[in-house]
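**Q** The residues making up each chain are set out below.
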Amino acid sequence: MSPVQHTFLAANEASEHRPLIITLFALFVLATLGITIWAGRQTKDAADFYAGGRQFSAFQNGLAVSGDYMSAASFLGIAGAIALFGYDGFLYSIGFLVAWLVALLLVAEPLRNSGRYTMGDVLAYRMRQRPVRTAAGTSTIVVSIFYLLAQMAGAGVLVSLLLGITSDAGKILIVALVGLLMIVYVSIGGMKGTTWVQMVKAVLLIGGTILITFLVLLKFNFNISDLLGQAAENSGKGAAFLEPGLQYGATGTSKLDFISLGIALVLGTAGLPHILIRFYTVPDAKAARKSVNWAIGIIGGFYLMTIALGFGAAALISQDEIIASNPSGNTAAPLLALHLGGVDSTWGAILLATISAVAFATILAVVAGLTLASSSSFAHDIYANVIRKGKASGAEEVRAARWATVAIGVVSIGLGALARDLNVAGLVALAFAVAASANLPTILYSLFWKRFTTQGALWSIYGGLIVAVGLVLFSPVVSGDPKAMFPEVDFAWFPLKNPGIISIPFGFLMGWLGTVLSKEEPDAKKYAELEVRSLTGTGAH
Amino acid sequence: MATDAPPPSKEQHKLPSPEEFAEVHESAEFVELRRSYRSFAFPLTIGFIAWYLLYVLLSNYAGGFMGTKLFGNINVALLLGVAQFVTTFLIAWWYSRHAAAKLDPKAEAIKTRMESGA
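In order, the protein sequence lines correspond to chains A and B.
According to the numbering used here, the first sequence is numbered sequentially starting from 1.
According to the numbering used here, the second sequence is numbered sequentially starting from 1.
It cannot be assumed that every hint is accurate.
[As the list claims (entries may be wrong)] Here are the simulated DSS-like pairs of lysine-lysine, each with C-alpha atoms no more than 30 Å apart in a straight line:
1. K219/A <-> K69/B
2. K237/A <-> K69/B
3. K102/B <-> K526/A
4. K389/A <-> K290/A
5. K286/A <-> K14/B
6. K526/A <-> K69/B
7. K106/B <-> K286/A
8. K255/A <-> K69/B
9. K450/A <-> K519/A
10. K106/B <-> K290/A
11. K219/A <-> K237/A
12. K44/A <-> K14/B
13. K102/B <-> K450/A
14. K525/A <-> K450/A
15. K391/A <-> K237/A
16. K389/A <-> K237/A
17. K483/A <-> K255/A
18. K525/A <-> K106/B
19. K290/A <-> K44/A
20. K69/B <-> K450/A
21. K525/A <-> K69/B
22. K391/A <-> K14/B
23. K106/B <-> K526/A
24. K14/B <-> K290/A
25. K69/B <-> K286/A
26. K290/A <-> K102/B
27. K526/A <-> K286/A
28. K525/A <-> K102/B
29. K286/A <-> K450/A
30. K14/B <-> K389/A
31. K106/B <-> K450/A
32. K286/A <-> K44/A
Note that these hints are calculated values from the structure, not bench results.
Build the full structure now, drawing on both the sequences and the hints.
**A** Quick look at the structure:
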């Protein structure tokens with residue numbers, strides 16, 4: 001059977017059971033809307049809207065952090081990357097997990113102790129408020145939009161698989177629906193509603209992944225070596241499929257790209273605004289630490305199972321079929337579910353529908369988290385502290401945040417259709433690179449370097465941001481490659497797909513340079529205050 | 001349930017003055033807390049990032065070694081990848097144990113004293 005026929009098969013299989021798929025999607029949407037309305041009624045002041053009232057337990061927040069973090073990139077993207085490139089795809093899983101140690105050891109607790117609602121609170125603590133908050137708000141919104149782009153690409157991919165919609169209008173419609181839902185979740189439910197949606201999603205995603213992992217292992221009598229052996233054989237690449245180098249080993253440049261990706265992954269997490277604001281939802285720094293530990297356990301377990309998802313897909317589905325369905329492998333996990341159940345059976349269709357609904361829930365929850373992070377930052381950093389110079393009331397801030405949610409929703413719907421054929425994990429890696437270049441240097445310098453000044457903060461945020469985004473713009477991700485966003489033009493002169501290896505050191509360098517060249521004296525009293533607060537929690541909100 | 005908990009009472013504590021912060025910042029107790037945190041967290045961060053980079057570099061430039069089969073189809077690359085998971089879990093556990101034993105009591109003592117205004 002030709003690969004093209006196979007794809008139609010998946011779509012037909014799905015279309016026969018379309019009522020089931022639509023029912024599962026609708027159930028999740030209804031349940032989460034119910035949660036949102038309930039949470040909306042409990043949201044009375046700014047601390048409720050931004051931080052869910054700071055009363056979530058460490059376990060609840062650990063679950064929500066996992067739900068916020070394990071995005072379409074982790075579920076669809078990594079499974080696809082492993083299914084197509086074998087071992088090289090596994091780097092994502094490792095980098096995404098190890099990165100949590102940076103958050104645990106250096107960022108989560110001091111941030112919880114010294115901030116209030118946003119990442120900007122900590123960056124601006126001892127600096128001139130208006131310029132630093134403007135910079136922090138800008139980079140929060142840029143990072144979140146990169147991340148949103150990836151989630152929207154994942155949503156488009158899912159729908160074309162399930163409903164057989166290949167027309168642009170159909171995909172745009174579904175992206176618009178996702179955008180609309182996220183506007184509702186965030187503007188009504190605030191942090192409280194978003195947190196509960198993320199917890200529900202985390203449970204569904206872990207449950208779905210355990211089910212698929214179990215079924216894959218069952219096929220191989222729980223012998224991982226046999227699973228890997230068949231994956232290698234079925235991929236047509238033999239032992240090379242299980243070794244590094246298939247995707248990145250070809251040339252010196254591609255090897256450099258691998259290092260660049262590796263650095264961006266490990267340093268990105270602790271600079272992601274939508275993850276950082278989650279630490280404000282627990283009562284204190286100790287609970288923030290415990291929630292990171294829960295998240296490391298949950299996320300680590302999940303990423304270990306990506307071995308079964310990715311190699312399972314490679315072992316049981318032909319490479320042609322995976323590629324025909326989506327050139328970057330983004331549909332490998334749902335296809336695997338279909339094959340595990342049996343391609344022509346009802347059971348296969350039910351599994352496909354379930355896993356697709358899980359992926360849909362995954363996307364919705366992450367999208368809500370990203371939107372909340374950017375609208376919070378707009379309302380708290382830019383509107384309240386820059387435009388209104390700190391004179392806005394809590395109610396006015398929340399109103400601004402709700403309007404910002406609508407605006408960001410509309411922007412991300414607009415951008416959603418652009419990135420369909422890129423691997424979702426690769427797109428998210430760009431958001432990691434931007435976060436690690438613009439946000440992480442400033443966070444670390446602010447917390448740990450006494451001499452750091454306003455000028456240093458601005459140079460490192462804007463320097464890291466401009467170089468990271470600029471290099472992406474002139475990379476093969478945007479143009480000059482068949483899978484690029486604009487494949488028909490070529491203005492790519494930067495050879496790497498991930499800018500991290502240049503832009504992250506550049507962000508750190510600019511922070512240092514901006515500081516040593518600045519004429520202002522650092523505010524020693526404010527630094528003493530920040531240090532005492534960040535280590536002891538004195539006066540924490 | 002998250003929302004049934006009583007409202008936080010922290011806002012009622014007084015926020016110490018900048019002078020009090022400066023004073024505590026110079027105190028032996030705080031200096032010891034900071035040393036105990038930094039001397040643990042900083043080297044450990046450098047350590048795990050170096051270990052991770054070593055893994056990335058081996059994947060890139062030591063393909064033959066990484067491809068060595070150990071048992072059946074399981075090779076060095078997969079084993080080292082899974083080892084990254086194991087070390088991540090261990091480091092998280094180790095840091096949390098250190099923080100609970102060495103950092104939390106000191107931090108708590110300073111916070112309580114400062115917020116009660118003594």
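**Q** Please list, smallest to largest, the hint numbers that this structure does not respect.
**A** 4, 6, 15, 16, 20, 21, 25
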